[in-house]
Amino acid sequence: MAAVKETVDQVREIDVDQYKYGFVTDIETDKAPKGLNEDIIRFISAKKDEPQWMLDWRLDAYKRWQTMQEPSWARVNYPEIDFQDLYYYAAPKNTEGLKSLDEVDPELLRTYEKLGIPLQEQEILAGVSEENRVHTKVAVDAVFDSVSVATTFKEELKKAGVIFCPISEAVKEYPELVQKYLGSVVPVTDNFYATLNSAVFTDGSFVYIPEGVRCPMELSTYFRINEQNTGQFERTLIIADKGSYVSYLEGCTAPQRDENQLHAAVVELVALEDAEIKYSTVQNWYPGDSEGKGGIYNFVTKRGDCREKNAKISWTQVETGSAITWKYPSCILRGENSVGEFYSIAISNGRQQIDSGTKMIHLGKNTSSRIISKGISAGRSENTYRGLVSAHKKASHARNFTQCDSLLIGDQCGAHTVPYIESKNASAVFEHEATTSKISDDQMFYCRARGIGEEEAVALIVNGFVKDVIQQLPMEFAVEAQKLINISLEGSVG
Amino acid sequence: MTLTVVKTPSEEALAALLDGAQAALPGKDFASVRADAVEKFRSEGLPNRRVEEWKYSDLKRVMPKDLSLAGEVSADEISKQMAVVPRLRGLDCDRLVLVNGVFRADLSDLDALQGKVSLTPVSKALEEGAFVLDELEIAKGDRALTLNTALLQDGVIIDVADGVELERPIEILSLMIGGGMATTRNRVSVGKNAKAFILETFVGDEQAYQVNEAIDFRIADGASLSVSRLLSEGVNALHLGSTTAILGEKSHFEHFTMSTGGQFTRNTAFVKFTGEYSDAELFGATIIGRNQHSDQTLLVDHAVPNCNSKEQYRTVMDDKAQGVFQGKIFVRQPAQKTDGQMMSQALLLSEDAAFFNKPELEIFADDVQCAHGATCGELDEDLLFYLRARGIPLDKAKKMLVLAFLAEAVEHVSNDAVVEALEGFIADWLGLDH
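Protein chains in written order, with the numbering used here: chain A, 211 to 704; chain B, 87 to 520.
Calculated directly from the structure, the hints in this document are not laboratory data. These numbers come from a predicted model, not from an experiment. Among the clues, some could well be false.
With a cut-off of at most 16 angstroms between alpha-carbon atoms, the simulated EDC-like pairs for lysine to aspartate or glutamate come out as follows [to be verified]:
no., chain 1, residue 1, chain 2, residue 2
1, A, K648, A, E665
2, A, K452, A, E421
3, A, K604, B, D307
4, B, K423, A, D651
5, A, K648, A, E592
6, A, K603, B, D438
7, A, K273, A, E248
8, B, K278, B, D245
9, B, K482, B, D514
10, B, K151, B, E98
11, A, K575, B, E437
12, B, K423, A, E551
13, A, K382, A, D266
14, A, K604, B, E437
15, A, K569, A, E551
16, B, K336, B, E367
17, B, K336, B, D425
18, B, K396, B, E497
19, A, K648, B, D425
20, A, K452, A, E486
21, A, K364, A, E379
22, B, K336, B, D307
23, B, K482, B, E467
24, B, K202, B, D248
25, A, K603, B, D405
26, A, K603, B, E464
27, A, K244, A, D292
28, B, K114, B, E214
29, A, K603, B, D453
30, B, K281, B, D365
31, B, K93, B, D152
32, A, K382, A, D259
33, A, K603, B, D404
34, A, K648, B, D453
35, B, K278, B, E251
36, A, K677, A, E664
One-sided and incomplete, this derived list gives chain B residues near chain A with beta-carbon spacing under 7 angstroms [stated by the list, open to error]:
no., residue
37, G334
38, L434
39, F442
40, K444
Ideal Cβ placement from N, Cα and C applies to all residues, glycine included.
If we strip away everything but chain B, and leave its shape as in the complex, we get (with noise of 0.2 angstroms):
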């Protein structure tokens, strides 16, 4: 017998789109992998606040009544849509573009990547029964990546050969225009001792869509690879991502996350050492106001001795925003050496506004150096003094310090023209001159 637990009305408008779409989505050998991961949400439901994980972001609760799938767009819309939406600009990179949760071909730099890397379209993959979900132990069961398994549409798969060293860095562009869901799943595959920089950016018109978002990164031995990853989605989206990522042995992970846009954002990383000497460095800014919700939600799984990892998150909220901020340190009992570092600052700029901290460490190995801190307040009254006093308004002044406040998490990240459009693209939201 299959216990039924899917009753709430965008429950059942969900479970409803999910058995619709199965027909036409993309390769047979993955319909039953859908199919299990159907019968799961059926199971189980929406995540809840219920839900240990979910306690702070209640999907069950923000997930429309009304769904269906995201639809085809023509040019004409999607080259409106890039003059407007607000993303880094400037930036010297090479562009691969999805819009609705499709690969568009036609739009993206694929000459200047030819020769560099190897790509290829997960629809491709999933026809040619060459896509194989490669789960982390410690995401399995994630509510989010069933959903993303349930009604996977597309994505690149990105393949950088050994020794190979980008200049370049690579965006990774998502647009979504006209309303629905799109559900994509990339992966970037970096090989031993190559080098590469990826850029992920979520845009979309102001129109209410939900984006079910996944990658995974796999990082050979001796490779490094930097991840910067903006969330600008338009301002009625639901967006949902997973990032998962695997290290090898003397590797080095940088990952940092702006947040800004969406109604309610929920952004889970989860990453796995498993060979030894391995760095991973994650950083996030969140800037919100209105009344968005974003969460912020990590597990590092040390699972092999003397690797680092270091975890620093900024959350700024106004209005009546509400930010979430939850993070796990795991180290397993084999993990002897590891050095493990976890910091959540949170300023609150309204009365209104809300912030949900939880930074766990769980344990099970004793030569360890773990920590973490987590700290939640206002702007300081001396700062903003010694601002005014020299003659800066009160709200510029305010403004200047969210920035600094920001740039601290920000200025992690390894590229010096990403870390000015970033501190730039800050700016602007704040509406200060730059």
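Only chain A is shown next, with the shape it has when bound in the complex (with noise of 0.2 angstroms):
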């Protein structure tokens, strides 16, 4: 019943603006000239201090990306990307060589204050376990534009032996564990935008759970695009070692403009002999006005890899955000006994265009999958879920069970499924369902015979439609995800 208050409330609340992160935070930035080329790379590449294999790696994948052809096969449509017409390397200003949270800009922090996102260890400590003392602490990595501003929680997390820190540190600090796993999930000519991201990622996490450790925090990237015309490409690796678990969260936000901005990110996930990872996502960068003008394209690559038995990796997404969204979190299930979860939100109003989904590779014996997608689409949105399901020889007796419901708000919208299911193997057992429908009359009128209005109403049912995936987000996120689903439908009924 507390859900369906706060969601009444939330609803209530709504003002015409529904995109709250939409500002725009003044500060001085130091970039990278626009357009890519070599040099731009070898720019990047100097900037963060970055051993010379690095910077061979990224100029490899930059040649190949030159080959390269743009993806058009998902259900989206955009005008032509310039890639010269972006800038690839944004920082603010005086983030080089910070000691303490202290010397970081009072703007900086200001801006995630009002994200809602607390960098200040202490104020977590007192302000967050008061409200909500069902959860404690979460470490925070805070990637603006395209450098990694602050990660908290650094010294206690590194007395359990748990590695946390952005990407460019883990490069200088921690090259072999970087060498042995970069590219070893997403390889560097994998896609378009993820050969790309290998050429100019910028910053991102890396983690590196010890063997038998149990992450003692949630951790957590927030991404936040801030400057115009700059493309954010972070790139994100988390390794849990044999028997380790690791609950890790993302979130995002953008300020509101007219142009459309670019976030193509890679994350690798690799889950060892027994281990554990949990990666979820609340993805909330901004749509466009309702005419469909500015937003992000987010066109990112997630792929985790069940490398030895019993591994298992579980992705939970609610996708709000974006003008256009190309996503599919996968998992390789290679080791035996492994499992891959997919749990899946996605919510289009306006003229947003989703086109995500998952692949569960089934490669080693015994592996199992899930798959719950809802999809819900209003306003003239455009919301397809693109799934593969495949078991290889060798898989025998893999298991999966797939779930893509829809759910349609206005008669001026879409709502696409588009599974593939491969079996090579007779013992693979695999089952599909899908449906699409409306919020039925009959759930209506059972609401509104009880007094709750329409608004109210639509909340309910939609809270009820999400409910198996909400319940598979982390305590802290699952009331955030609440209230962003009713922001996002805000204004798509009567």
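Mind docking these for me? Both chains are given alone in their own frames, and the hints should help you get the complex.
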């Protein structure tokens, strides 16, 4: 009942402007010249003070990228992107060589405060734990445009042996780990955007959980695009060593601008024997205005590799933002008995276009996967679920269950389902079911007859529709996600 | 400048065949339509796995290098083959026969059909300039249909007049003998409030041959059409089939496909609703073994409100066989109150078999009920145990379960005699007594 009340309050609170995070932070930045060429890559690499091998890796990726073509198979339409008309590096000035949070530009700290992301460690200890007694601490890595500005709780994590730092730092501090795992899940040449990312990635998080360690707190990265005409290319690499566990959260916002901005990230997860990684995303990039002007192009490659036996990777995502989303968090189930999960809520309103889903690639014996996808389309948006479930010859007794449901609100939107189910092993058992419908008159009547207003009734039914996925989110995100869902659908009824 | 992509030996062979055949094909008025299709083929080449619709059925890879048009055959040879090819037997129906892509009036039951329906060979319509391609929007650009147009030889046009109810099924039997390529296009128009049952049979000898056939169903308001299609081609055959159907108001269309034969079979159905309150039911049963490849692709276009479509396909694969199901329910914005249900189920009997399933929904209307389901797995151990515990040997128990699995799709056929014949056909294929 609490969730319902929350929803109702939230709906009431909403003003005309739906996107709360559309402000711009006025902060001096250090930018690379516009455009992309080898010199820009050398510039980025030099800025990050990278070793030669990293630069070579980038240049190699750039060479490959020049030979590649932008993919066109997704159900999304957008004008051609001029890759030479973007800034590939933008950093708030004075971020280099900071010793503590006190040295961070106060303007920057205020930005994160406005976004509701406390970077001050003491604040978290005092504020959050009082308000929400269920959970205590979350370590945050805040990425502003191209650089990571602050990572909290580093010391405490270090005691547990956990490495949580910006990837640019990891390249220098832990080159052997980075070299061993970077590009091992998403190869440099994987796809157009992943290759571009490999050439120009600027920052992101690096996580290593040592053998047998259960990460003592939730890890979180908060991405913010601020600068105009910039692309954000972050790279995240998470390695869970034998028998370890980590839960990682990711959040994103961007200012309201009339131009489209590009976000092309790569996330790689590696789970070794008996390890488990839980990766949750609440994606709330600026979706553009109601006429489809502006907004983020979110072209992301996310993949997890259950490399050894009994590994488990679980993706949970709430997608409400971005003008265009092109994203397929996947699991390679290589180790025996490994498990992959994908829980998704994708909400599109206005003129948003979403083409998202997952890939579950069963390579090992007794691997199992589960896909729950809930798509909600409203306004004039297009929402596509595109997913692959495949069992290779050796994947005996692989098991998959897929459920993808779509809800249509309004008669100008579209909901599409494109599943690919490929079985090359007789003992693999795959089940897939999908439905598309609108909120039924009966459900509405039931609510209305009990004195619930139209908008509240919709919120109530939608909350019920997405409940299966919300339940999978960590507490911190569940509340936020629920609010976000209501905001996203505001104005779509009646 | 024309972009030429034709490059593999089989594409070159096919291009040469297309060019060489043009002059001898019937119909002067149709020549420019053919020429456009040939040009289109030259610019596209054969479909391969890089073409989304052909992702799992790579025609470029399987098209042979040695291509020629199928030749003429003697009456003796025809009757010899008719006696041995696997097909539905003992059915009471009126038969129209095409041999190597040519309509054979001499072998068809024309007298029996006299007065009931109007019949015209496609070659005659082409010569008279009366044959017009009437392509569905959703079928436009289909690669198999392009080739069909480029090489169209013959076929039959059946018109069932308004209000006529045919008692006996009409069978259109296509027989291939001696190898080579044949291209046909049939057309069945069912008038207002008329009723008909069409049986399509495709059979042939063991030579390597290629069939590209299309059939257009035009179902007028209030009409009802049932179609059962049996693909029982020879072991070395390559079969490309395209069905298009346009449904008028308050009409009913039932379409069943049984696919067992051929080396490589691709079967596409395009169905479009143009009038409200109509129903389409599409069912299929496929059973393949060896290294056979069978592809069932369908696209149902809900363009108007208040129509129902139901699809149910079952596929069984043994040995190294590969099965493909691609289905799409497409609901346009005006098509409110659409009910679309699609189900594809597959059974893998061997470690080396593979199944590719792609059931799609593409929906632009909000007040709809659409669902699809897909399953894939092996025979249920519990069911096998149940039968074996009753003294039935493993092999026979498996066959019984396979028959039962497919029979669920077969039983949707509205003609009992055809259901019985189809079940008998499957039992024969399995080597099961019945």
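- Are the Cα atoms of B:K278 and B:E251 separated by 16 angstroms or less? Holds, at roughly 10 angstroms.
- Are the Cα positions of B:K336 and B:E367 separated by 16 angstroms at most? holds, 14 angstroms
- Message: So if I understand the rule, the pair passes when the alpha-carbon distance is 16 angstroms or less; does B:K423 with A:E551 pass?
- Response: violated, 34 angstroms
- Item | Distance restraint between B:K93 and B:D152, which requires alpha-carbon spacing of 16 angstroms or less | holds, 15 angstroms
- Agreement of hint B:L434 with chain A interface, Cβ distance less than 7 angstroms: holds, 4 angstroms
- Message: Hinted pair, alpha-carbon criterion (16 angstroms max): A:K648, A:E665. Please report holds or violated.
- Response: holds, 15 angstroms
- Query: Does B:D248 lie within 16 angstroms of B:K202 when you go C-alpha to C-alpha?
  - Reply: holds, 11 angstroms
- At a threshold of 7 angstroms, is the proposed contact between B:G334 and chain A supported by beta-carbon distances? violated, 25 angstroms
- Query: Can the restraint linking B:K396 and B:E497 be considered satisfied, given a maximum Cα separation of 16 angstroms?
  - Reply: At roughly 14 angstroms apart (the allowed maximum being 16 angstroms), B:E497 and B:K396 satisfy the hint.
- Query: Taking only the CA atoms, is the gap from A:K244 to A:D292 under or equal to 16 angstroms?
  - Reply: Cα-Cα ~11 angstroms, so holds.
- Can we keep the B:K444 interface hint, with Cβ of chain A closer than 7 angstroms? Check passed: Cβ of B:K444 comes within 5 angstroms of chain A, closer than 7 angstroms.
- Given pair status - B:E98, B:K151, alpha carbons within 16 angstroms: holds, 8 angstroms
Violation of the numbered hints given earlier is confined to hints 3, 12, 29, 36 and 37; the remaining hints are satisfied by the structure.
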